[in-house]
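> Chains as they are written, first to last, in our numbering: chain Y, 1 to 148; chain H, 1001 to 1539.
Heads up, some of the hints might be wrong.
Heads up, simulated DSSO-like pairs for lysine-lysine below, C-alpha to C-alpha not over 27 Å straight-line [what the hints assert, rightly or not]:
| hint | chain 1 | residue 1 | chain 2 | residue 2 |
| --- | --- | --- | --- | --- |
| 1 | H | Lys1072 | Y | Lys77 |
| 2 | H | Lys1408 | Y | Lys77 |
| 3 | H | Lys1003 | H | Lys1407 |
Some chain Y residues flagged as far from chain H (calculated, every beta-carbon gap over 12 Å) [what the hints assert, rightly or not]:
| hint | residue |
| --- | --- |
| 4 | Thr2 |
| 5 | Pro16 |
| 6 | Val32 |
| 7 | Leu33 |
| 8 | Ser40 |
| 9 | Thr55 |
| 10 | Thr74 |
| 11 | Leu85 |
| 12 | Ser100 |
| 13 | Val118 |
| 14 | Ser134 |
| 15 | Ile137 |
| 16 | Gly143 |
| 17 | Leu147 |
Don't read these hints as lab results, they were simulated from the structure.
For glycine and all other residues, C-beta sits at the position ideal for the given N, C-alpha and C.
Here is what each chain is made of, one letter per residue.
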Amino acid sequence: MTPLMNSLACLLALLPAPFLWTTRRPLARQGVLLSLILVSFMLFVFLAGDSNDATMEFYPLEMWAFCLCVSTLTLSKRKVFFMSLAQGLWLWILFFGSLSLFYRGLEISFLSMTLLAVGILSFRFLKTNSRETSFAILIYWVGIWMLF
Amino acid sequence: MVKILFAIGILLLFPGCWTLYHAFSIGPASWALDQTVFWGTPIVNFVFWIGLAHAGTFLSAILLLLGARFQKRISFIAELSTVSSIFVAGLFPLIHLGVISRFYFLVPFFNQRDMYVNFASPLVWDFLAIGVYAFLSIAYLIVHIVSLKHPSLSKTRRAMAWVLFPLVLWVHTIVSLDFAVSTVPLWRGGFLPIYFIAGAIFSGLALVMLLLESTQGRGKKLEEMLLAGSWLLLAFWIWEFLQKGVWHPEVIFFGFLVVQSFWITRLREKKIVRLIVGVSVLVAMWWERFALIMHSDIKWLWSDWGWFALGAGLFLFIFFGLYLLFQKIFPELFLVAPQESRKNTPQRQVILIVVFSFMLASFYLFLNHQYDPGVPWVQWVPAFFPIAALIAGLSFFVLGIYPLVPKKYFFFFSGLVVIFVGFAAGAFYAGGNTDLSFQSSPVSAEFISKKERPTSYLWNSRCVSCHGSDGLGNRKFIYEFYPEPQDLTLERLVLQGEDSLTRVVLEGRAYMNPFEGRLSEPEARALIRYMHQLAEDKE
């Protein structure tokens, strides 16, 4: 994926994030919403992605996890807990996805995984309710995304 | 209702056990085995049942941590269903091995048998992860039961839930790696780990919903979750289609369309509709695994039908058997949930246990690593976590139980466990007899001569692993393990002559093992003629 497409993917993933948890929806509707977002990411990657790049296989899932990460910033209760969960999901996708590709001869890049692990371990020590910290965390995630 | 289902379980066990006997005495030739990928229906059923085993922990441990209140009512049923389905799931890989008496070769026990397990193989991870998961799920269930009398245990329950949470996801992720790391093009996919988790939880939810309907009544939240899950899976099916161009209309019909009837309240109120939806999801998820694993059109044999009886029978038997048992001795289990306390295990203790278990697991892997230093460390990670989880989970369990039982019993039982573990370790150390000619051949010549397809049985059980059922070579196996056998051509076979080829089979050649002692001379000769036949068919 070209840097341009990568940034576009980043924007696309950021787009729905603030609205995910603003209204209380029944579980089923929430599930439909999240799934449809995932499908739209999939379509985007299918159309815009580089089909020779094997990491595209889990790229939409990464976008989804990234989107979920950002969306936790809007939560008011158990924010840190869900932040860790969302980052854990992202890490999971990256690690096991790369591990599968490793058997096909692709190198694993550990940089973003390490950063995510650092996030999981350290965000509990931040005052996540302040706007400044939220913004800093957002920048941190976007940074991980762009670094890839 | 419970008793009826228990009785059905027992009835199903009759054909089930017969299938098991049939499968053990004949081996892999007795079921539909896809020779291009070398996997067959036992693996389909394994993936299906291990998926079902996830919902219990999901509904009980994960929702406990997420703070969902409705999980209290269903947690016991969910845990019981997990324990029962793990047992069913664990049986199928053993069947698939063919030589069940050698299953312990999968245990990574250093290098005592000069046959080192391959830590880069997901099959070894599977063994570890599922074993640990089964063990800790049982411990978790015990904690649940005991905590009714001793509310102080609820903090142990929370701690164990924290161990089980990643573990359960780990298990199905590893099952997905069985596929994702292989050479089979249709199994490729970096998205498989998450896809498999979603599928496992989806099918497990359907099972718990059915169990709940048949014992206690409705679980409205479960229905909502099932709806949500159907959409998530639809997303993955779409992605699979975009990636590989495959889709299965049956799966989408049973797994997605039928579930959508839950949007209509009038339908959802009807019990029969809920039951149909639950069963339909199970059908879809079974079908999905089948479509994933078996690509070629293979004729089904008796055993392939028998697995249904075996799986369902064993599950109903264990689940409802335990259910009836607990109803007799602990009726309150079904009425009250364990006390919820916000109290947690002291943080220092948690950190200590986590560090301790990570260190011990690293040490164990370090000892193993010396035998296989070529395997890069990322390939050890999947094996690492289950070992650490075992140590951590066990520590929490013991620390929680210790103050509650009389010391006498505690030491008595611990002593038993130590003796048992020591015995098992000794047995592993000694190993079995690995002389292949020592074991009587699973397919005896007499048995074969009574059957209509004698030689093809032999061929299928002994030779196809390398030569392929059509004689053209088994791509997957050759790629992963062996040098390539010659192309099977009539000309070549005629040129070398039956006698000399029979000798090749019996005495071996370069990369082919000798079959002397495992095959009689007439059998070897019959096989060469069979190869002739295959070559002729090909021309």
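> Now look at each hint and say whether the structure bears it out.
Each hint tested on the structure:
Taking the CA atoms of H:Lys1072 and Y:Lys77, the gap is near 21 Å; set against the 27 Å cutoff, the hint holds. At roughly 46 Å between alpha-carbon atoms, H:Lys1408 and Y:Lys77 are farther apart than 27 Å, so this suggested pair is violated. Between H:Lys1003 and H:Lys1407 the CA atoms are separated by roughly 38 Å; this puts the pair beyond 27 Å, and the hint is violated. Taking the minimum C-beta to C-beta distance to chain H, about 20 Å, the non-interface status of Y:Thr2 holds against the 12 Å cut.
Its beta-carbon lying about 14 Å from the closest one in chain H, Y:Pro16 satisfies the requirement of being farther than 12 Å from that chain. Distance to chain H contradicts Y:Val32 as a non-interface residue, since its nearest Cβ pair spans about 5 Å, not more than 12 Å. Annotated as non-interface, Y:Leu33 brings its C-beta within 12 Å of a C-beta of chain H; the closest such distance is 9 Å. At the 12 Å boundary, the C-beta of Y:Ser40 falls inside the reach of chain H, the nearest C-beta of that chain being 10 Å off.
Residue-level check failed: Y:Thr55 sits 7 Å from the nearest beta carbon of chain H, not beyond 12 Å. No beta-carbon of chain H comes within 12 Å of the beta-carbon of Y:Thr74; the shortest separation is about 18 Å. Against the 12 Å criterion, Y:Leu85 falls within the reach of chain H, whose nearest CB is about 9 Å from its own CB. Chain H draws Y:Ser100 into its interface by the beta-carbon criterion, the shortest separation being 4 Å against a cut-off of 12 Å.
Distance check for Y:Val118 against chain H: the nearest CB is about 17 Å away, which clears 12 Å, and the non-interface claim stands. The Cβ of Y:Ser134 sits about 22 Å from the closest Cβ of chain H, beyond the 12 Å cut-off, so the non-interface label holds. Under the 12 Å C-beta cut-off, the non-interface status given to Y:Ile137 relative to chain H holds; the minimum distance is some 21 Å. The Cβ of Y:Gly143 lies farther than 12 Å from every Cβ of chain H, with a closest approach of about 23 Å, so its non-interface assignment holds.
No beta-carbon of chain H is positioned within 12 Å of the beta-carbon of Y:Leu147; the least distance is around 19 Å.
In this structure, the hints that do not hold are numbers 2, 3, 6, 7, 8, 9, 11, 12, in rising order.
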